[in-house]
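Participant: Guided by the hints, dock chain B onto chain A, whose structure is given.
Okay, here's what each chain looks like letter by letter:
Protein chains: 2
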Amino acid sequence: MPISNTDRILLSHGGGGRRTEELIKNVFAKYLANPILDGMDDAAFLGESELRTFFSGGAGRVNGLVFTTDSFVVKPLFFPGGDIGRLAVSGTVNDIAVMGARPIALSAAFILEEGLKISELESVLESMSATLREADVQVVTADTKVVERGRGEGVYISMSGIGMVEVSPPPSLRRIEPGDVLIINGPIGLHGLAVMLERQGMEFEGKIESDVAPLWGLVSSVLGPEIKFMRDPTRGGLAMTLNEIADATGLGIVIDENLIPITPEVETVSELLGIEPIEIANEGKVLMVVARERADEVLEKMKMHRHGREAAVIGEVTDSTGGRVVMRTKLGTTKIVSKPVGETLPRIC
Amino acid sequence: MPISNTDRILLSHGGGGRRTEELIKNVFAKYLANPILDGMDDAAFLGESELRTFFSGGAGRVNGLVFTTDSFVVKPLFFPGGDIGRLAVSGTVNDIAVMGARPIALSAAFILEEGLKISELESVLESMSATLREADVQVVTADTKVVERGRGEGVYISMSGIGMVEVSPPPSLRRIEPGDVLIINGPIGLHGLAVMLERQGMEFEGKIESDVAPLWGLVSSVLGPEIKFMRDPTRGGLAMTLNEIADATGLGIVIDENLIPITPEVETVSELLGIEPIEIANEGKVLMVVARERADEVLEKMKMHRHGREAAVIGEVTDSTGGRVVMRTKLGTTKIVSKPVGETLPRIC
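Residue numbers (my numbering), protein chains in the order written: chain A, 1 to 349; chain B, 1 to 349.
So that you can see chain A by itself, here it is in the shape it has in the complex (with noise of 0.2 angstroms):
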């Protein structure tokens, strides 16, 4: 690997896969570490330790708030499916949701690139304005700044968060368990290959629509404590996700190609592309960690929220793999899933 590839930041380095989690882990966290930002969950959360004096005088069974932040810089600002305004809003709410925690404020930063048409800013502020209405929640503080031309691209957003744990015990990877079961809420690859097709100008007989969504109505219908953790997989895909949660575990897991939902058009295009679909970008997309005896009723509750018509179980944890990650493939075979080094494609969010 040359110099230039060690001392300078590369595109991959935003790519959420091994390359980002070395950034995290060799660069941000030598100088911010501490125990929560540690966690490397997608939201923070901070219980009663972190809010003593918010819950002085007896507060009965309060379980925390949670508190998320993101940017997004996705190009083209609107791709089939959705817009940087959907994205923000769905990203944020959706880390707010997999900590079993309701969306209650959101604040957003802009930073907008000098020459950006204003009624193209609108376009995003009405969607974005939609998809709050959507999810129930309030932008509640808001910045805005503004780069010189050619030192932005249009509009980046930084959304923040805050939300209000509302079970208990929260979803956490400490209590994951081998036996539990793996349900996703419906088919993956589609944010990613949206805006992949509409960024190349790539025409396809067919429609792949980006999946980006606020979650938080359907994990809020199953919510309970047999939910053990649920982790929405945005970059890096289900394959980042799964391997994140074997690492933090040392727990393995086996999935079943066959039961991972997937368009045929998501097939056909990834195939031609040379992609994996487990390592493709979802935003509206959540992996639920579930109690295997719960798991029937909690498949059937998703089935009925239009997020989870085609919810499907997809595979659960081990502990018979060694702490890998492991696909019985379409074709009978088993193969290791590995962390995707970067992104497919860079800022797909």
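There could be a bad hint or two in this list.
No more than 20 angstroms apart at the CA atoms, straight line, and that leaves these computed lysine to aspartate or glutamate pairs for DMTMM-like [stated by the list, open to error]:
#1 A/K75 to B/E113
#2 B/K30 to A/E134
#3 A/K75 to B/E114
#4 A/K75 to B/E148
#5 B/K25 to A/E203
#6 B/K117 to A/E113
#7 A/K30 to B/E22
#8 A/K117 to B/E113
#9 B/K30 to A/E126
#10 A/K117 to B/E22
#11 A/K30 to B/E134
#12 B/K75 to A/E113
#13 A/K30 to B/E120
#14 A/K25 to B/E122
#15 B/K25 to A/E122
#16 A/K117 to B/E21
#17 B/K75 to A/E114
Bear in mind the hints are in silico, worked out from the structure with no lab data behind them.
Every value quoted in this text rests on a predicted model; they were computed, and no experiment measured them.
Facilitator: Frame of chain A; chain B shown alone:
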């Protein structure tokens, strides 16, 4: 005004002055309006009604949370007296502090430009870390994105923060009355001029260093019900902050140029450049509106803090100027202080 001034984003839309205000009122508010955001404070106040579920069980004397966000796009990344890392932490802590709240958790979202030297990123993080320790707060959740060379400029940082209100009643524009006294904690114009001189590569005999600093320590040392309102005069300077107070309250303000703390260097350079010091951004200043009968006491306490040694009373709130901000100049004349149109220089913070 040519059409291009209205249908596209201009650098001055990010200056924090009148044009920023127009963009917020005419564009952002159309889509994102809600009572909390409309408050136009530097941070959102989440009180009992917003946090209803959280308070169930009967937490005693909880005064609410505040939530704030800002993007930092300062250029250059390093300037005399500070850098983008110290600026992000200080700016966020100060937006929380002026709400009468203790910062309890920050988030950081980084947009890195491909090709950025990792050593440069490390310098920013190191400074951020030192400022976090100084402010006794942590970054609990973070995100990193990477954009192509020429689509960013080294590092942009978006930072959000949560604070807990530690005083009752909390500072609020609604509490301001005629006769209240205006106090500032030290000399103005340092941050904006330091960045400007550094960017232009201007040589100057004498030292102008940014005042960038986290101010919760200073604020908490004087916090009490006699503090009617606080704001940190950043983009648009003291002129913008004073006009915002006048606009929101309908009251007038009289300040005395002779009383405003200013260093001889800032006075010389701003005269040379034809800039009004009261329009220059500060990043370590807080303007306090204080009940007259307690003003001396607050001033004495401030002077005991290292960020308040040069604190001074600079004027008062009045109902005799027809809602305008009026300055008695050094020449003995009076003049109206209006809102700056845009920041004298873009990307000051």
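Participant: Run every hint past the structure and note whether it holds.
Facilitator: Each hint tested on the structure:
1. A/K75 to B/E113: holds, 15 angstroms
2. B/K30 to A/E134: Since the Cα atoms of B/K30 and A/E134 sit roughly 17 angstroms apart, the hinted pair holds (cutoff 20 angstroms).
3. A/K75 to B/E114: holds, 15 angstroms
4. A/K75 to B/E148: Holds, because 11 angstroms separates the two Cα atoms, which is no more than 20 angstroms.
5. B/K25 to A/E203: Violated, at roughly 40 angstroms.
6. B/K117 to A/E113: violated, 23 angstroms
7. A/K30 to B/E22: Roughly 42 angstroms separates the two Cα atoms, so the pair is violated.
8. A/K117 to B/E113: violated, 23 angstroms
9. B/K30 to A/E126: holds, 9 angstroms
10. A/K117 to B/E22: holds, 15 angstroms
11. A/K30 to B/E134: holds, 17 angstroms
12. B/K75 to A/E113: holds, 15 angstroms
13. A/K30 to B/E120: Distance ~14 angstroms between A/K30 and B/E120 Cα, so the pair holds.
14. A/K25 to B/E122: Distance ~13 angstroms between A/K25 and B/E122 Cα, so the pair holds.
15. B/K25 to A/E122: Given pair B/K25, A/E122 holds - Cα atoms ~13 angstroms apart, limit 20 angstroms.
16. A/K117 to B/E21: Holds - the C-alpha atoms of B/E21 and A/K117 are around 18 angstroms apart, at most 20 angstroms.
17. B/K75 to A/E114: holds, 15 angstroms
Violation of the numbered hints given earlier is confined to hints 5, 6, 7 and 8; the remaining hints are satisfied by the structure.
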